[in-house]
Amino acid sequence: MNDDTLAALAQALLASPDNVPLLLLHAEQCAKAGRPADGVRSLRRARDLGADRRAVDRQLVPLLRASGDLAEALIRCEALLAEQPDAALRAELARIQLARGAREEAHAAWSQAKALDPTLRDEALDQLAPQPVAAGGPGRGAADDDADWADQFVWDDLAVRLDDVVGLDDVKRQVRLRVLAPMHNKQVYEAFARKGGGGLLLYGPPGCGKTFLARAVAGEVGARFHAVSIHDLLEKWFGDTEKLVHELFAAARRKKPAILFFDEFDAIGSKRQRGEQQFWKTLVNQLLVEMDGATTSNEGVLVVAATNTPWAVDPAFRRPGRFDRVLLVPPPDEAGRAALLVRHFAKLPGGDRIDAKAVARRCELFTGADLKALIERSAERALEASLDDGKVHPVTMADVDAQLGRMQSSALEWIAQARQHAKYANEAGAYDDLANWLRAIKKW
60 MNDDTLAALA QALLASPDNV PLLLLHAEQC AKAGRPADGV RSLRRARDLG ADRRAVDRQL
120 VPLLRASGDL AEALIRCEAL LAEQPDAALR AELARIQLAR GAREEAHAAW SQAKALDPTL
180 RDEALDQLAP QPVAAGGPGR GAADDDADWA DQFVWDDLAV RLDDVVGLDD VKRQVRLRVL
240 APMHNKQVYE AFARKGGGGL LLYGPPGCGK TFLARAVAGE VGARFHAVSI HDLLEKWFGD
300 TEKLVHELFA AARRKKPAIL FFDEFDAIGS KRQRGEQQFW KTLVNQLLVE MDGATTSNEG
360 VLVVAATNTP WAVDPAFRRP GRFDRVLLVP PPDEAGRAAL LVRHFAKLPG GDRIDAKAVA
420 RRCELFTGAD LKALIERSAE RALEASLDDG KVHPVTMADV DAQLGRMQSS ALEWIAQARQ
480 HAKYANEAGA YDDLANWLRA IKKW
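Adding 59 to a residue's 1-based position in the sequence shown gives its number in this note's numbering.
Everything labelled a hint here was simulated from the structure, so no lab data went into it.
Glycine residues also receive a C-beta, built at the ideal position from the N, C-alpha and C atoms.
Any given hint could turn out to be false.
[As the list claims (entries may be wrong)] In silico BS3-like pairs for lysine-lysine, Cα to Cα no more than 27 Å straight-line: (1) K340 / K231; (2) K173 / K340; (3) K302 / K314; (4) K231 / K501; (5) K231 / K450; (6) K450 / K431; (7) K302 / K340; (8) K91 / K231; (9) K431 / K416; (10) K501 / K482; (11) K482 / K450; (12) K315 / K302; (13) K406 / K450; (14) K431 / K406.
[Said to hold, decoys possible] Cβ pair distances, simulated, as ranges: (15) E182 / Q467: 23 to 29 Å; (16) G464 / D185: 31 to 37 Å; (17) A240 / E472: 54 to 60 Å; (18) A174 / L84: 18 to 24 Å.
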């Protein structure tokens, strides 16, 4: 791979950061150039912009392994294999397990891959033979303190409030009624035999502010907030996952009121399917146990999760006492779009002269991320001209018009997929709010 070519691709992405084909090409070339971390960043961006999930994840898995993100590589690889058999992915699973030190699992995965495609070759895997795991399994020493593990993370005290969330008025109303009221009016809810805490699942298209909304909920109740990543939960040592999940919840109970936020929850709490995913099932089962609070009360601990694909989340998480509150976070309506545009344009030279309301009318179904991208692209001409002559050039309505003609909502693909679930997999009424929203936007 020519370094100049890779540099040219990076430069092109600076000018067009939301160009999905360009992001995918950049990731491919980064893989060839031995720069997996850069490739991972490009693929994550492409995924956020609505690129085909399976295609992106297939490209993402080996890059995650190469960059050392073995836990996420394992999860995404197993998720892909749960959807359909794939010899190359099965071989990649073997490489991930080998990198984790799980020789027995690596040997099993490689044997399955060879059964699907006998032409596969990998010198390291071909020489692999299963080895027994020592009693008790390899892991951290007994002197390691799991409490210290959980307390090392940042437990934010947030100043963000729901009023800082632009638009989403119906979502904020439901959050106030179903989440905040039990915490603010504890005695009233106890009179009705209800307690604060529990779980809230936020779902909707990428880029609609689910994470920001979760942080605003924490700010409203003065709760400590911790965003949990896949890497927090999945470590390379066998047997530790259950302990770490338990201690994470124990730390939240010590710090209550507290909010544990799980982003991309479909990657963590996906449907348990085949026996080959025992590692994953162990994680899901322990999460369910902790959310139930079977041995210790979870009062004062709110578990918030966000996902783009709620239909991929294990149904067990939807039972009462777990994620019994499920809220759709859709793209902003016209008023919300206008408010977001005013906020973003105010930061640009000439932005105060842009008719944000007129732009908002032409951006139907644009997500918050889409609107931000629109503004960044609209500023490119003025930025380039300013760099050329050293004078600050304003952004004009003509700049915005030019970009509007080239963009469409990144939520459209998600809407098409979501409509199928709302129409044909809604027997229990789980997606009634989604169905109503789709009818309201005339996408039913």
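Results of checking the hints against the structure:
1. K340 / K231: Violated, at roughly 34 Å.
2. K173 / K340: Holds, at roughly 25 Å.
3. K302 / K314: holds (18 Å)
4. K231 / K501: Cα-Cα ~23 Å, so holds.
5. K231 / K450: Distance of about 43 Å is beyond 27 Å: violated.
6. K450 / K431: Holds: K450 and K431 sit about 24 Å apart, inside 27 Å.
7. K302 / K340: Judged against 27 Å, a Cα distance of about 14 Å means the pair holds.
8. K91 / K231: violated (46 Å)
9. K431 / K416: Since the Cα atoms of K431 and K416 sit roughly 15 Å apart, the hinted pair holds (cutoff 27 Å).
10. K501 / K482: Holds, at roughly 14 Å.
11. K482 / K450: violated (55 Å)
12. K315 / K302: holds (20 Å)
13. K406 / K450: With Cα atoms ~17 Å apart, K406 and K450 stay inside 27 Å; holds.
14. K431 / K406: holds (12 Å)
15. E182 / Q467: 23 to 29 Å: Roughly 47 Å apart at Cβ, these two residues miss the hinted range, so it is violated.
16. G464 / D185: 31 to 37 Å: violated (55 Å)
17. A240 / E472: 54 to 60 Å: Given range 54 to 60 Å: violated, Cβ gap about 36 Å.
18. A174 / L84: 18 to 24 Å: Taking Cβ atoms as reference, A174 and L84 lie about 34 Å apart, which means the hint is violated.
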